Structure formats: C-alpha cells, structure tokens
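Protein chains: 2
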Amino acid sequence: MSLICTGTIGIDSVYTPHGQAERVLGGSCTYFAAAASFYGPVRIVAAAGDDLPEEHLASIRRFPQIDTTGLEIRKGSKTFAWGGKYHANMNSRETLFTHLGVLEEAPPPVPEAYRDSKYVFLANTHPAVQLGLLEQFPSRRLAVADTMDLWINIARADLDALLQRVDGLVLNYDEAELLTGKANTVAAARHILDMGPAFVVVKKGEHGCLFAHRSGLIGALPAYPAETVIDPTGAGDSFAGGMMGHIAASMPDAGSGEDTVPFDAIRRALAHGTVIASFNIESFSLDRLATLTPEELNERYEQFAAMVRI
Amino acid sequence: MSLICTGTIGIDSVYTPHGQAERVLGGSCTYFAAAASFYGPVRIVAAAGDDLPEEHLASIRRFPQIDTTGLEIRKGSKTFAWGGKYHANMNSRETLFTHLGVLEEAPPPVPEAYRDSKYVFLANTHPAVQLGLLEQFPSRRLAVADTMDLWINIARADLDALLQRVDGLVLNYDEAELLTGKANTVAAARHILDMGPAFVVVKKGEHGCLFAHRSGLIGALPAYPAETVIDPTGAGDSFAGGMMGHIAASMPDAGSGEDTVPFDAIRRALAHGTVIASFNIESFSLDRLATLTPEELNERYEQFAAMVRI
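Protein chains in written order, with the working numbering: chain A, 1 to 310; chain B, 1001 to 1310.
Keep in mind that the hints were calculated from the coordinates and are not lab data.
All values reported here derive from a predicted model rather than from experimental measurement.
One or more of the hints may lead you astray.
What the hints assert, rightly or not - Distance condition first, Cα-Cα at most 25 angstroms in a straight line; then the derived DMTMM-like pairs of lysine to aspartate or glutamate:
#1 B:Lys-1085 x A:Glu-22
#2 B:Lys-1085 x B:Glu-1104
#3 B:Lys-1182 x A:Glu-282
#4 B:Lys-1085 x A:Glu-177
#5 B:Lys-1118 x B:Glu-1135
#6 A:Lys-78 x A:Glu-104
#7 A:Lys-85 x B:Glu-1177
#8 A:Lys-182 x B:Glu-1227
#9 B:Lys-1118 x B:Asp-1174
#10 B:Lys-1085 x B:Glu-1055
#11 B:Lys-1182 x B:Asp-1158
#12 B:Lys-1182 x A:Glu-104
#13 A:Lys-182 x B:Glu-1282
#14 A:Lys-182 x B:Glu-1094
#15 B:Lys-1182 x B:Asp-1160
#16 B:Lys-1182 x A:Glu-227
#17 A:Lys-85 x B:Asp-1174
#18 A:Lys-85 x A:Glu-302
What the hints assert, rightly or not - Not the full set, but computed from the structure, chain B residues with beta-carbon under 8 angstroms of chain A:
#19 Ile-1073
#20 Asn-1089
#21 Arg-1214
#22 Gly-1219
#23 Leu-1221
#24 Val-1229
#25 Arg-1267
To be verified - Per the computed footprint, the stretches of chain B lying under chain A, defined by three or more beta-carbons under 8 angstroms from a beta-carbon of chain A, are:
#26 1185-1197
#27 1200-1208
Cβ coordinates follow ideal geometry from the N, Cα and C atoms, glycine included.
Based on the provided sequences and hints, a complete structural model is requested.
Structural data, given as structure tokens:
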C-alpha cells in the first residue's frame, strides 16, 4: 500500500463546554494521518509556516508511520490558524476566526518519491487545488475527496470537474443536500453518484454515516455511542483516515480486475473510521490518538461490530 | 403471548411537501397495533368518538390480528383530531391544531378479558393515566411506556412515579435531554436507567435509535435508509409496535428466570421496529401497512440486517 493525504496543518484554538485548548496542533492532514497510521504507513502533503511550534512538529513525528517528507515548512509564512466554539450538545460549532496564512499561497509541492502513491485522499480545500494535486499521482488506484459548503457555493464548476475524476466523495449531511438540492439523504447520495464518484459517504457526526455505492447498494452505520466527548474537532478527518487506512491496508494488489472498492470493504472501512474517530474526540488535538494502542483500537472495534450486529 | 397497547385513535390531517391527507385514520394505538400485528395478536385499549368514520374502523379491522374488544366508541364524544405540517426535510413538523375530544374525558375501561395481558405498551398520554392503566394488568411480564416533552414539563412527579414501575421507556432524542438535562444522548440514556427502567430506547427519526440496558451495554442502530418518505406520522408508534410485537412473539415463556429482556433480544426487536416503521412512512395513514406482506417485511429485514453487519 502507499496511502497519501493532501491537506492542512493547522493551529487550532477550540472552546467547548468542557474546556478549551489554545493554539494546539490541528488540521485535516494531521488528524487524517494520525488515524490512518494505525493501519499502515501514510504520506502527507501539506505546508505550514515557520511559526509552527517545534512541539507540534514533534507531535506529528511521534506517529512513526507518518512519512513527513511532503510536509513543507515555509519560511516567512504563517501556519493556517482556526478558532472555533462548540455549542452545548457538541453537534454544532461556530467559527471564531480563520487565518488562512500559507493556504493563500501556492500549494505544497508533491515530492517525486510520492508520485507512485496508490491511495489518495484529498482533504478539503479549493477543488481546483485538489484537481491539481490529483494529477500528480498518476499511479493512483483510488482517489477520494472531501469538500465543504464553501466550495459548493463558490467553486461549483471546479467541484463538478473534480467529481468526474475521483472514485469517492466524503461530505457532511447538510452539504449533501446543498450539493444536490435533495433533502432526503439517500436521494442526495444517489444523486452524487450520478455526478461521477463510485461511492459517496455522508457524514452525520454523532448520528453516524450513510453511504451509497455504484452497485446500487446503500449502507448506514451508527456512530460509536460515545459518552466522553471532549472535542469533536478532527472527527471527520480521523474518520476518513481510518477508512482510507483500512482500505489501503486490506485491498488486494492492483491487477485484481476490480474497478472500485466493493461495498462490503467500504462498510468495514467505515466501521474502522467510526471507531478511531470515537477515540479522537475524547481529547483536544491528537492527545488521545497519541496514547492509543492497537489493542484498545481492536477491542473497541470488536465491541462496535458486536453492537451493530443483529 | 398477549400483547396490549393503550393509546389513541386519531383523525389526522397531514400536510407534507409531497402532498396532503385530510381526516385520515391516525393515533398512537392505531400505528402501534398495525405494526405489532405482523408478529402476532395485539389487543388495544382506546376510545374514539362516534364521529369516527366507519371506513376508519374498517381500516383497523382489516388487520385480522388486532383485537378491537377494547376499542370504545363513545356516544356524543369527539375523536381526538390532530393536524400537522412537515418541513422540507421531513425531520421536523409543526402542529396546526389539536382537538383532544375524548382524551379530555375518562380513560377507556380495560375489558376483563384483557387483564391477563403479559406485554404492555403504554403509548404517550398523561403519566397518571398511564399509571392507572398499568395497574389493570396484574399479570404483566413487561411494561414499556412512551412519553413526550409536555409531560416532562408539566407532570414530572407522575412521570417519575411511572418510571419506577415500567421496564422500558421509549422517547425522542430531544426529550431524553429534556428529561435528564444531559446533552450527550448516551449519558442521558444511562441517567434514565437510574430513574427506574431496565432499558431505554432513544428514537432519533431518520438517524435511527440508541438504547441503554441495565446490563451496562449501549446499542445503536441506523434507520433503514428510506428514499420514499411520504409521511413520517406514526413512525415512532409503528417502530414501538414492531419492537414490542417481536419481543412478545419471541420471548421464552414466563418462569424462565429472566428479570428483563436481554440486550440482544431488544436489539433484534428494535431492528424489526426499524424495518416496519420504514414501510409505514411510505404512505399516509395505514395505507402501506395495509398492503404489506410478511414476505416483503422479511425481505427488507434481511436486507437491513445485511446492511448493518460488519
């Protein structure tokens, strides 16, 4: 396997009913890679400014399976910074500030050694940038993108072009409705399949996920029933990291003749994403994933599998 | 088995983005019993006024397993009538009018022949009325109640007393938070167990359900991914009907030494409730359940079970 994630490194300031954490390590690439690294090696392509604290870099490097060759520390630039506040039920949040910093500059270069990457995850950014990055992985077997309401609203043509080129799309519940105009999530997911991808995963936070597959099958999983929710930041990215990490680790070698990931393999992968995301939200930043053991992960996975089996 | 439901017969006027239905048959008892009848015989205790159209009575009697001995048609009284309008996503609704009618009068009498009922479902009404009805089933093995925000707000002492007497509680997502003051659904469900019941089922509509069990186990199921949603009215009651119908039909005989329904049996029962509710919402009133065959029900159950298995 050779899994890669393109996305952001961020400095997050998060305020929740249970506490706060200021200028901690965040970013889509960070959460994705930390989660995916439990399944195998993962490469990252991201840029940060030279204001990124040394301890944040050390936090990423503490995950031995994360290959940081593609992490560019750009001199004179500022790291992407985000501040957010969660409401009482932890399901909704408001953005307090966004300092784009390095995200307003050229995207990070893809190292030559990464061009052979087979499994590509394009974390949320402008779809034109995602398309440009995608081109740089000519050996890819599977490409999955995340997106958000902003791009649906202001870069629809680029997003439509991207959807023609990726195998999978991951997006939030309300974004699926925004993208398709369909209030019924199943109908929205089926509609997105018509726009290009072979599968689409609709994330519903504490309510789990729903997915549609080119085979015509629809799947749904509850979230892990988490009682300890300290900070939901990164839940979606760690969910995607667990999903892609499991797919990359378990797919048969290329040449098997499969034109996309089978429905059952995606469902299992989403269950892994569900479980690792449930650990991520137990702390601010990467704190919980940094101490998570494969045994704990496996135990909760088995518990979750038993929980949903009927 | 001898399953009984106490609740309402209603005349509903429903307005949805997909159409409308005026003065059709509704009510908690109606939906519960129609769903439960797919699993075995079900008794009902409910009152209607003499304005209940003959065709509505015929609609109930079309389900051969519903025993209507306890359905009282009260002369000179008006049947409970409700009008509601669903919003675009079908997840929220507003009440247009409520005419209590017979619900403002004495509760319906429980026929002597029903006193040996073993499985009792107390559909939503004032908890003092539910308590009074409960007393009339001295041979009960399992009693489950539904409730709503109104009683949590205005009849809390009666509700607390009821919770000490029932084995299970079924309520909506936001009502679980209102009852416990806990925004986290898992924490709310566990808190409700401390108030008395051996299990609690939190209904989340299109997002499925979460349940907590005295054993300490927590379960969660997604909803059936329904693309055809014509009218969600009665979804919760048909869900409860499928659940209780399956429990009543599948529990070993009394004297087995079990002090409550095991976790796995509740999970399976909730899956049945999920599936039958998914048929109910495909039409206004009982129209879809009236044509549903056991083969269709079984086929979708198997499909759902395969969908959630990982």
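So which of those numbered hints doesn't the model satisfy?
1, 9, 12, 18, 19, 21
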